[in-house]
Amino acid sequence: MSSLQSAFASYQAAFGEDPPLYQLRFYGDEDIIDLIDESIKKNEKLTAEALEHRLPPDVLY
Amino acid sequence: MIPEQNNPVLDSVQERIRNIAQMSFDMLMKRIASGEDPRTAINLITSQFVGDFSEELTAAFNEMLMGGFSVNDIRALPIGKVDLSRHLYRQTSMTNAVVLQAVKDHVKGFTQARDLAMKIYEGYGASADLLKIKAEVPKYLRYAMQDPAISQGFMQIVARIKANNLKTPALKASYLQAIDAIENGAGQAKLEKQLKVAWYERNRFLANRIAQTELHRAYSNQVAAELMADNQLSWVQIVMSRTHPKTDICDLHSKLNKYGKGEGCYPKAFAPKPPYHPFCRCKIIPRYDLDGDGRLNERAEQEFVRSQSEYDQRLILGSQRKLHDFLTGTPLKTILSKGVPEEYQLKLLSDPAGDNEIQPVLSKQVTPPPPVATNQTRYWDSSTEAGTWHDTSFQNAPEWIKRAISKYKDAPVAYKKGEGAYCSRHTLINMGRHLKDNLRGQSVWRHEFGHWIDGWLGHENWSEYASSMPDIKMAIEQDAKLLTTASGFARLDAKNNARLSALAQIYESEKNKLIEMAGLEERVAYIRSKWETQGFDFDEAMKQLSIHDSIQEAAITESGYISDLVRLNQMATAISELDAQGFMDAVLGANHEYRKNSFGAAFPEFSDMIGCATKNKVSGYNKSGFGHSNSYLKRQGFKETEVFANVIALQGLGSTFWNQLSEIFMKNTVSAIKAKLL
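Listed in order, the protein sequences are those of chains A and B.
Sequential numbering from 3 applies to the first sequence in this note's numbering.
Sequential numbering from 5 applies to the second sequence in this note's numbering.
Just so you know, these hints were derived from the structure itself, not from any lab.
Backbone N, C-alpha and C fix where the C-beta goes; we use that ideal spot for every residue, glycine too.
Just so you know, nobody snuck in bad clues.
EDC-like cross-link-like pairs, simulated, lysine to aspartate or glutamate; straight-line CA separation at most 20 Å:
#	chain 1	residue 1	chain 2	residue 2
1	B	Lys440	A	Asp31
2	B	Lys534	B	Glu544
3	B	Lys351	B	Asp255
4	B	Lys547	B	Glu536
5	B	Lys421	A	Asp31
6	B	Lys621	A	Glu51
7	B	Lys600	A	Asp20
8	B	Lys638	A	Asp60
9	B	Lys619	A	Glu51
10	B	Lys440	A	Asp33
11	B	Lys411	B	Glu468
12	B	Lys421	A	Glu54
Residues from chain A shown here face chain B by an in silico Cβ test under 7 Å; the list is partial:
#	residue
13	Tyr24
14	Arg27
15	Phe28
16	Tyr29
17	Gly30
18	Glu32
19	Asp33
20	Ala50
21	Glu54
22	Leu57
23	Pro58
24	Leu62
25	Tyr63
Build the full structure now, drawing on both the sequences and the hints.
Right, dumping it as structure tokens:
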């Protein structure tokens with residue numbers, strides 16, 4: 003299992019659902035793993051809106 | 005070379021040109037005075053001057069660019085459409101013709117003055133009182149005598165007559181000698197004055213203009229190439245020289261706050277590259293202290309010009325006519341380019357030096373572009389960062405997309421750790437930590453570059469993104485209406501409920517039909533036939549679906565997973581029903597159990613395209629989990645630009661399967677975007 007799949011599996015195990023995949027696909031593998039790790043550590047789900055708000059204003063993704 | 009080192013070289017070459025022009029001129033006057041044929045003297049001295057100038061210019065180029073340029077390299081330097089050598093030949097030929105004419109006119113003029121004076125004198129009798137003659141001559145002759153040359157000639161004749169009347173031979177001889185000396189000296193001084201303008205000033209000015217402008221151009225190309233290759237730098241500032249003499253276009257470039265980062269600050273790729281006019285000394289300063297994306301103000305030029313006095317407005321634009329055109333909406337670039345040879349039109353820092361210009365030398369080697377077959381059209385420069393992304397992501401794209409890529413500038417690419425990919429309009433594309441050899445990275449690049457094209461296409465024709473133009477916007481609305489109706493989500497009413505029920509029945513009936521079939525062969529033949537009836541190449545469709553793990557290949561090669569066959573069949577059925585939701589449900593599985601398998605696929609873009617068009621009523625973020633959130637799509641123009649980016653992403657993949665699929669579900673939109681880009 004790749005690190006990315008492993009990270010998704012961990013997220014699924016922690017929250018019982020998938021993270022917002024569409025928003026995550028705009029990140030590189032290493033950043034996705036970091037985001038999921040951070041989310042599990044803080045026990046906060048990743049949401050589409052939160053991921054969108056991480057971007058600079060007035061940009062398109 | 006740092007910017008501060010540029011001006012001393014320009015000052016020094018200016019002084020050296022002045023010196024060689026002065027020395028050549030002194031030599032010219034000496035030869036003419038010594039009685040040498042003026043034509044021969046002028047040609048000889050001019051040729052020496054051109055040789056000396058070429059050597060000085062070569063030394064200056066070597067000093068400025070620290071390069072090993074020979075005089076021949078510099079003589080081959082293009083000035084407009086011709087090389088320096090020919091340009092100087094043309095220019096000096098014209099100058100020499102003017103100078104020769106001046107010499108001829110001078111001799112003729114002096115002779116004529118003497119003849120006229122003699123006639124005046126003779127006409128009124130030599131015995132008359134010489135001092136009174138002038139007062140007694142007719143008015144028209146008195147006017148004629150106001151010409152210093154005539155007056156002077158007249159007075160000399162008078163003096164000569166007086167001298168001739170002297171009785172002492174020695175005194176008479178010495179008077180006449182003195183008058184000769186005065187006469188010749190006056191002629192010589194007059195000629196020198198004329199030639200100082202005709203030869204010296206003209207040659208000095210033109211040589212200096214070439215030197216100042218071309219040295220600064222080569223220097224700016226060098227600086228631009230170095231700054232563009234610096235990945236740590238995003239912003240630059242255009243700064244006027246402290247010696248800038250008067251208001252002109254440089255004021256606009258250096259004082260414009262177009263991106264909200266301060267006067268003269270631009271994302272480096274979009275900074276206007278000096279020189280902006282002959283003798284321009286504007287500099288490009290790297291601004292490492294600036295970061296972020298800035299905020300583009302499309303009306304910044306208009307606002308800046310209008311904030312100036314009427315007099316300065318005209319000086320900035322160059323003429324009253326140009327100012328009028330600008331204020332009535334003609335784009336600045338069009339005004340600045342009008343009547344200007346292509347080589348001298350405004351360039352950006354990201355524009356490479358022209359093929360014939362002195363090429364910048366980078367200390368950091370840029371990766372050479374991969375070899376390209378000679379019979380292939382090159383649509384982009386593979387040596388740029390964006391070009392390498394195009395190589396991996398758009399290599400199979402249809403020609404209309406490749407042409408759009410070639411038309412719109414390569415985007416500056418950033419790789420910001422911890423940030424998702426995004427496109428900042430006209431500024432940059434951030435690819436975060438995506439990798440070029442990764443399908444997801446390529447897919448994201450196609451999407452982001454779709455935004456880039458949308459921004460530039462709109463910039464040319466419209467103030468907003470092209471996707472907000474009425475024809476594209478209307479096409480998206482039309483498709484959205486068809487899609488919501490076809491999937492039963494147009495409104496929550498009986499009609500739509502009926503459509504939802506009908507679709508459910510169709511899919512159930514198809515499923516049962518498949519299950520009842522005798523075996524794998526018959527089922528696959530049935531499914532193949534359904535896809536092919538709608539114009540799809542079934543094998544290509546399977547290839548694409550398998551790449552993205554949506555369908556197990558085993559479904560059609562072994563005993564088969566019936567569930568996968570049912571999904572494959574439902575996809576074909578959904579296409580015939582224009583039911584994008586039914587199609588995506590089949591892709592993702594009844595409980596979206598295959599959603600993760602589509603993570604790196606083109607399905608997220610397909611879902612997002614449908615979701616954005618229908619404001620998440622069909623598929624998209626709400627119904628398929630792939631797409632932009634409702635809050636994002638509420639922003640004006642965002643749903644349209646996302647649809648545009650997804651069309652470019654799907655069509656840019658270059659797969660007949662994805663092309664057909666997007667053309668079926670977003671028929672009007674794809675057609676409108678294609679029409680705009682063709």
